[in-house]
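**Q** Here is what each chain is made of, one letter per residue.
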Amino acid sequence: MIKDSSGIRKTDVINRRMFVIGAAKLIVFSGIVARLFSLQINDNKKYLTLSDKNRIREWKLPPTRGEIVDYFGNIIAGNLKVYQLHIIPEQVENFNYLLSRLKTLLELTDKKIAKILKSKNQKKPWESIIVAENLSWVQFLKINNYMHDLVGVKPVMTISRNYPFSEIYTHVLGYVSQPNENDILENETIQERFVTGMKVGKLGLEKRLENYLIGTNDIQRYEVNAYGKRINQLEHQRGQHGSKIRLTVDTEIQKLSAKLLANKAGSISVMDIYTGDVLAMYSSPSYDPNLFLFGISNDDWQLIRNNSLKPLINKTLSGLYSPGSTIKPIVALSALENKVINENFKVRCTGKTELYGQTFHCWKEKGHGLVNLKDAMKQSCDTYFYEIARILGVDKLKITAEKFGLGKKVLGKYFENEKQGLFPDTIWKKNNLGKGWVLGETLITGIGQGYIQTTPLQLCLMTAQIANGGYKISPKIIVNNKPLNFLEAKKNMELRSSIDPNLKLIKDKKNLEIVQKAMFSSTNEIRGTSYRSRIDDPKYQFAGKTGTAQVKRISKRERELDLKIEQIPYNDRDHALYVAYGPYVNPRYAISIIVEHGGSGSKAAAPMAKELFKLIIDRDGLREKQSNFEEIDI
Amino acid sequence: MFQHNRLNNELTFFQKVKNLDFILLFCLILLSIVSVLVMYSTDGGQVLYHTKSHFIKLLTFFSLMIVISFFNIRLWHITSYFIYFIIILLLIWVSTYGIKVSGSQRWINLYFIVLQPSELMKIGIILCLAKYYHRLKIDNINSFTSILVALSIILVPIILVLSQPDLGTSVLIALSGLIILWLAGVKMKYFFISFITFLISLPFIISFLKPYQKLRILTFLDPDRDPLGAGYQIIQSKIAIGSGGLSGKGFLKGTQSYLEFLPEKHTDFIFTLFSEEFGFIGSICLLLIYSIIIIRIIRIGVISRSDFAKLFCFGFAFAIFVYIVVNLCMVLGLLPIVGSPLPILSYGGSSMLATMIGFGIVLSAKINHKQIIA
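Chains A and B are the protein sequences, given in the same order.
Under the working numbering, the residues of the first sequence are numbered 1 to 634, in order.
Under the working numbering, the residues of the second sequence are numbered 635 to 1008, in order.
If you're looking for bench data, these hints aren't it; they were derived computationally from the structure.
We put the CB at the ideal spot given by N, CA and C, even for glycine.
Be aware that a few hints might be false.
Unchecked claim - List time: in silico DSSO-like cross-link candidates among lysine-lysine, alpha-carbon distance up to 27 Å:
#1 B:Lys691 x A:Lys45
#2 A:Lys229 x B:Lys823
#3 A:Lys244 x A:Lys625
#4 A:Lys408 x A:Lys504
#5 A:Lys229 x B:Lys872
#6 A:Lys25 x B:Lys823
Unchecked claim - Only part of the chain A face toward chain B is listed, based on derived beta-carbon distances under 8 Å:
#7 Val13
#8 Ala34
#9 Leu36
#10 Arg57
#11 Tyr222
#12 Gln516
Claimed, not checked - Partial selection, computed: residues in chain B whose CB lies under 7 Å from chain A:
#13 Asp677
#14 Ile772
#15 Phe842
#16 Ser877
#17 Leu886
#18 Thr889
#19 Leu893
#20 Ile915
#21 Ser917
#22 Arg933
#23 Leu966
#24 Leu969
#25 Gly973
With the rest of the complex left out, here is chain B:
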């Protein structure tokens, strides 16, 4: 077994290529094509800024993903804590020097890209916790100290992201982190106890929310209370999706988006446009592609020999699932509006970067699924 411990293992380039998960890759490419087409539609059937920018980002990050996948999974295991700390530092940097847009300070201007470190943290937290539990002895998993350490790993970035403020992303980070705890075998009763505690303290938490966040929740509960103001987005989104019908209004024919009734159609509400133009059938197909992607990631986790790769794959699969669910539930009016992009489809560099890094590591786990990490 020791020969696998070397960083440069014996796999040749062609073996690596052969080991890639082609079904996953195919789905990702399909999704990318769809995303470019949808972006083209948001630009009103023209190749304008969003289409170009999205295409370039896709190309860049897709290449990055492939590059990442060719590194041994051990490299990611070794650098996990480091990556986590780097992102923590970026978050601290953001809190002082970040760019402020409409009241929240989330971005760093790196000139070639405007980076949102909180998006990267979605992957960082999974990496960090996967390594933590990989190294933890099974007897210690439910010990008080280890749970405390795990919770601290989750809480530090959450506090930083909450202070930006960005409730949506911090919830997603928390969920990504907690799922690793769950997978690693933290006792179920702890989850139940904390869930009940959370429910009980919910009114208390709500009282701490910012006015606009409270408004979002109220709007979610009754979008018609202010149809032209706070409820506008969700009402228009439901109209767009509902009017799509079985087969949709047709590519480039979504009146809701074309006539600019849809807010934020490039980013969080991209599914609305897709669903208006491609209808129920299109939406089911999209969900199917996402499902295949998730299943493929889980499969890679299953065949991986190391707990680190397993935990990362399962955690990442869950994270992708949560992003999709939160985004879809939001545009379908099942959840309050929290800023949460749809993986790959939504316009946005950082989220795509994080997602592609995640996929890169997953593919790396696939290529090196026999790798055992001490």
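Isolated chain A (complex conformation):
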């Protein structure tokens, strides 16, 4: 057959070479099997994990925020089910038609429509777009009626913050809203739990207590495809609700405060003199925090911002006022404590005092005549206090005032916007104004004018510490103790001060009693400045001190004119102040009232105290009946 010269057949060559190839094939196939083995058997776990990572994706949902309740458990910041309207673009047949239908149904603005279109272009077709964050019931019904016509629209129920008492608690609670970049950057907890649609505290306790209130996210696990589209839900893991927080405040008292200060600028604070519980803290005017939940409209915002009574300022904590005559109990106490006067020290008031080439006027032009401490306090004689301030000196006065809480933050732990106020002394003036102290300044400090600046809550704390027998208390707004009755609370306070002597603010209890009696007479005796606001029933009887703080220096001409309050421009009118505590026997609560530009303390502020004390003392019993509260360490 066909052989070459050496006699080898071509067929043999082909067959032989075939077997060389065959061996090679075997080796290569074994290599592939080895590779399969290593991938599928050895590294199976690794690739299974990777495959799960591929297909399972977690979606975090907004956590449910903890509720805030008042002392009696009434919800003051709660959660409300709201109906939102979402569009899922991929399900929509005709987007423009749908938008025009929604526009008429929900009365959407053109701006909103543009916003929806914009977010539609940014999102993937299966990601929902929020059209309305909070549908009213009427709107919800409308949408449901037209559902057949609105393909691709989905009503969704979610939970939103709600402030049932609207403006009553705004300055205490603050409000929540969409976080901005800073909110997220500043708080690691928010950073970790942030999801779109989540609201965070922007102000007040909502912000301060964010980490307690926030709660943990619900987590939904979905199987997704390579493009991130959810195929089916695998699991829904419920998150933990945020902590419930109980405040010391009493909604009824807070409401009354709001009512009393309606249409006025000012502040009312109420404090338990033994425990330091803040029962009420209202700054007027306020605004509705619910407006901020879904983004405030520009019109509403301008209305709040441009209100001349300044609703955005928390006057209780950040409003700085001259205390006026409400400082007099401290001046008297300081003088007594420093033994520069005694109870019987007398001064003759002629209506004005000439000193250091200046004239210092008493509010009563004709003068009070010869007055002792009690009468001077009762009738708020300025001349008397000029005199004892002069003898005492501002530096000693400051020591006492600071002990009683002036010039220091009261609730600084909870409110970052609280102001410290100022109680001046000679060193302060030298360091800050670069000038030496003038003796005349001591005199006006003695009647609560001049450099001195206090917040309404400081005055309330001051009064509380005068009322409780001169013990230092730490004011608080979050409940962290069980309710104590009068005796328990008092004992508790005294016990603590026996352990820590720094908590005792005075040397001689008698001095305080003198001041207390003087304050009592100011309210309950004839010719007392707040005599007309007294309550005779001992159950409600209270002791207080009026104050009228000048906002501008009164010129000689004005003094002669003796204008009626209505004749003075609003911004030049005096601030009206009143501090008080009650009941006089076995006191329990202290209050401070400030009415901006209200005129005189006795006319504008003290009458409010009368109504307040009636309510506060009626509710005293209810307060004690509260059961034990959850412990919370904030």
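Here the structure of chain A is known, so what remains is to put chain B in place on it, guided by the hints.
**A** Same frame as chain A, but now just chain B:
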């Protein structure tokens, strides 16, 4: 012997049927069933376009294979050069009138099928060279002219396919051609010399590659360098295969393919889906079927009397082997990604057509294994 020289030999229809290789046929049918099932899975457990189209193609080409097998092997010997030239003409046609898809011009639209002539060339080159060496005297095999002619036969289609551009197919054509040279007895030292020359000139060749081809090689060397871009396919493919484990995730339960993480799961990456759903055991079984097919083809070559049939069978067996190896190595991350389908399993008309024609000729060689070709 002369009676066998007639085209219409004396074998009756029943003798022909009796002479068919039933083991090979059984394996092919088994593979076809598997391929339809896998296609059904790529369609997400529904009979959709790919399943239907694949099934129809299988049916058509399977019939074609049987028809081809009933012709005498001499017919294929006679028409070999002609077929080669026809495919060359088709390749030239493609280079001017072909359909361009994502940058490469490989297809002719014949309306009932979109034909990829380069796939047909994989068979054409084997046919052509088998005839060439069948007719060459053994003394001339290592002569300079004959090697030059053989190399030209390989180079012409390769240049045409490379210009499409289609590196993967041209490499497969080259391998199919060279194996015939090897089988025919071209001296081993030539292979060694050219292999070493190839290695030396490799950097030079790489510098001529298109950017996307270079990227593929870089990606192969380190898939993690761009996990969402160039490395995505190979990473997802390895995840799918690896997560299959011993027995797989189960039919229609391959999450990687179902959730569309697998690219090109119908075509080049079909094994990935199969391996994810049927696991190591399934993959070994599949390899076993392929091995049996290859062994059967070799056996037919061994019993064939003519060198042409032998060369074709061995060459085709090697080609099938190379397709499988290249495809599997690619999806297993052992080779860079070159477009290379898995025989019969992958979706794609031309590749299946070429493969089935090949099997048809192999079966024809089996039926006529006693045929001697002058």
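**Q** Does each hint hold? Answer for all of them.
**A** Cross-check of the supplied hints:
Of the pairs offered as hints, the one joining B:Lys691 and A:Lys45 is violated, with about 38 Å between alpha carbons and a cut-off of 27 Å exceeded. For the given pair, A:Lys229 sits about 58 Å from B:Lys823 by alpha-carbon distance, which is inconsistent with the 27 Å threshold. For a cut-off of 27 Å, the pair hint linking A:Lys244 to A:Lys625 stands: about 20 Å separates their Cα positions. Among the hinted pairs, A:Lys408 with A:Lys504 is consistent with the structure: their alpha-carbon atoms are about 17 Å apart, no more than 27 Å.
Among the hinted pairs, A:Lys229 with B:Lys872 is consistent with the structure: their alpha-carbon atoms are about 22 Å apart, no more than 27 Å. Proximity of A:Lys25 to B:Lys823 is assessed by CA-CA distance (about 21 Å); at most 27 Å being required, the pair is judged to hold. Because the closest C-beta pair between A:Val13 and chain B is about 4 Å apart, less than 8 Å, the hint holds. Proximity of A:Ala34 to chain B is violated relative to the hint, the smallest CB-CB distance being about 10 Å (cut-off 8 Å).
Evaluation of the A:Leu36 hint against chain B yields a held restraint, the C-beta minimum of about 5 Å falling below 8 Å. Evaluation of the A:Arg57 hint against chain B yields a violated restraint, the C-beta minimum of about 11 Å exceeding 8 Å. Checking A:Tyr222 against chain B: minimum C-beta separation of about 11 Å lies over 8 Å; hint violated. Taking 8 Å as the C-beta cut-off, the interface hint given for A:Gln516 is violated, the closest approach to chain B being about 78 Å.
About 15 Å separates the beta-carbon of B:Asp677 from the nearest beta-carbon of chain A, more than 7 Å, and the hint is not met. Taking 7 Å as the C-beta cut-off, the interface hint given for B:Ile772 holds, the closest approach to chain A being about 4 Å. With a least beta-carbon distance of about 28 Å to chain A, the hint placing B:Phe842 at the interface is violated under the 7 Å criterion. The interface hint given for B:Ser877 is met, as the beta carbon of that residue sits about 4 Å from the closest beta carbon of chain A, less than 7 Å.
Interface hint status for B:Leu886: violated, as the beta-carbon distance to the closest one in chain A is roughly 14 Å, over 7 Å. For B:Thr889, the interface hint holds, the least distance from its beta-carbon to any beta-carbon of chain A being 5 Å, beneath 7 Å. At a threshold of 7 Å, the smallest CB-CB gap from B:Leu893 to chain A is about 4 Å, leaving the interface hint in force. With its C-beta approaching chain A no nearer than about 9 Å, B:Ile915 sits outside the 7 Å limit, and its interface hint is violated.
For B:Ser917, the interface hint holds, the least distance from its beta-carbon to any beta-carbon of chain A being 5 Å, beneath 7 Å. Taking 7 Å as the C-beta cut-off, the interface hint given for B:Arg933 is violated, the closest approach to chain A being about 11 Å. Hint on B:Leu966 holds. Least Cβ distance to chain A is approximately 5 Å, under the 7 Å limit. Annotation: interface hint on B:Leu969 violated; nearest CB of chain A at approximately 11 Å, more than 7 Å.
With a least beta-carbon distance of about 19 Å to chain A, the hint placing B:Gly973 at the interface is violated under the 7 Å criterion.
The earlier numbered hints that this structure contradicts are 1, 2, 8, 10, 11, 12, 13, 15, 17, 20, 22, 24 and 25.
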